[in-house]
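Residue numbers (UniProt numbering), protein chains in the order written: chain A, 1 to 159; chain B, 1 to 261.
Since no wrong hints were added, every one of them can be taken at face value.
Simulated crosslink set (SDA-like; lysine to any residue; CA at most 25 Å straight-line):
| hint | chain 1 | residue 1 | chain 2 | residue 2 |
| --- | --- | --- | --- | --- |
| 1 | B | K57 | B | V131 |
| 2 | B | K189 | B | P231 |
| 3 | B | K38 | A | R54 |
| 4 | B | K38 | B | P176 |
| 5 | B | K161 | B | D150 |
| 6 | A | K115 | B | G96 |
| 7 | B | K57 | A | A69 |
| 8 | A | K2 | B | P35 |
| 9 | A | K2 | B | T11 |
| 10 | A | K2 | A | R54 |
| 11 | A | K115 | B | E80 |
| 12 | B | K38 | A | Q24 |
| 13 | B | K38 | A | V51 |
| 14 | B | K57 | B | T132 |
| 15 | B | K38 | A | M1 |
| 16 | B | K38 | A | G38 |
| 17 | B | K8 | A | R54 |
| 18 | B | K8 | A | E70 |
| 19 | B | K57 | A | E70 |
It should be emphasised that the hints constitute simulated quantities derived from the structure, not laboratory data.
Residue-level listing of the chains:
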Amino acid sequence: MKITMTVNGRPCSGEVEGRTLLVQFLRDIQGLTGTHVGCDTSQCGACTVHVDGRQVKSCTMFAAEAEGAEVTTIEGMANADGSLSVIQQAFQDHHGLQCGFCTPGMVMAAAALLKDNPRPSEAEVRAHLEGNLCRCTGYHNIVKAILAASGQAVAVAAE
Amino acid sequence: MYNFDFVKPATVDEALAALAEEDALPLSGGQTLIPAMKQRLNAPSRLVSLLGIDALKGVCPGEGGVTIGGATAHAVVAREAAAVYPALAALAGGIGDPAVRNRGTIGGSLANNDPAACYPAAVLASGAVIVTDRREIAADSFFQGMFTTDLEEGEIITAVKFPIPEAAHYLKFEQPASRFALTGVVVAKFAEGVRVAVTGASEDGVFRWSEAEAALSDSFRPEALEGLSVPAEGMISDLHGSGAYRAHLVKVLTGRAVQAC
Ligand SMILES: Cc1cc2nc3c(=O)[nH]c(=O)nc-3n(C[C@H](O)[C@H](O)[C@H](O)COP(=O)(O)OP(=O)(O)OC[C@H]3O[C@@H](n4cnc5c(N)ncnc54)[C@H](O)[C@@H]3O)c2cc1C
Ligand code: FES
Ligand code: FES
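Isolated chain A (complex conformation) (with noise of 0.2 Å):
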């Protein structure tokens, strides 16, 4: 079947089985990679994007359940002069990241979370990111970019 939507504000249309997955139509029709799948069950959040408006895990629903939606993926992140986002440019400022596997996923988890609630407490940014796994960081350091993104004053990681 022939499914178009929305992605990162430029209209899309590709060709989808029932059992195609948002995140398949995402990477290998659309060629959009920067959304990663890193289980494939459900767990890890790599393949957050956002489905207006609100993060859902690609990899757990149908591209066809997408028909006529506006979705975000992390390519869309960027501010349209192409430099970081705030939220990108503070993961990098406070190294909220290793090998950059969980980031695309814990970007647009922040997105959403910073969107309802735009000066999280730390707990909160902790409850949030229940969804997202990071076999890096440690997470100390992603909570505290996505504070520093909110605007509030967190020490700056060592050079």
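Guided by the hints, dock chain B with the ligands onto chain A, whose structure is given.
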């Protein structure tokens, strides 16, 4: 995952017609069904998405209760039921993680009846009524053991009607990796008496702890549970906890839930 035919009707009648095909299944949030299909534990010939049916969505407070559409996402219940039934909203807001809560729905959770799921405990403790396309089912007869319910093939949960207790609280002792309930207890206090429902513990799925209900209906204090105990037989024993451990948790969590009411 095996392929299937995907349809997304706009009305319950169209959904029922589409479900008449052999091996067709309803699809709601997909947060249980999609992982199961990936593992080929389920191989429907057709999935009928319920998410295009507006009549199945929403939180609607009414006289003495609140009605929640079958395809209402956990996140919506967490937000919109907070004023009318705070304990239910808190339970919904503690299911899985934000992404799961944006997709997963109450109807899907109840139809699935996972022995560690949260909603079945709320439905049973509240004495809620499950409304389907063809009848109304009392919570006490809906749950029929692990992953088993009174639903017929092709029957759709259209809504759940919750009476509102005077006080209620859900305590979930999380299994730290999955964050499902290792054991969870909902205590709900009504004018007619107290109801206590336990999830995550029994091999028969969600159940009511009737001795505690009787004791708490007499005296709604944690001390009322002194002297009661839950037998370890029939409790789930796995690498996360023994049956005896879960039986112990039932009592501890019930006491704490009463305290928190
Ligand atoms: C990472 C993760 C963590 C989770 N943590 C928790 C947790 O802590 N607590 C908890 O309770 N749950 C948890 N869940 C499960 C989650 O709540 C699911 O959303 C829920 O169990 C199923 O709802 P769904 O809408 O996604 O249903 P689906 O996956 O779409 O469907 C599940 C089953 O119900 C049937 N069905 C769906 N809707 C209806 C309907 N209206 N009428 C009749 N049959 C229907 C389907 O055919 C299918 O067999 C978790 C899931 C994940 C992926
Ligand atoms: S790849 Fe989707 S949750 Fe891990
Ligand atoms: S930075 Fe490697 S998984 Fe998070």
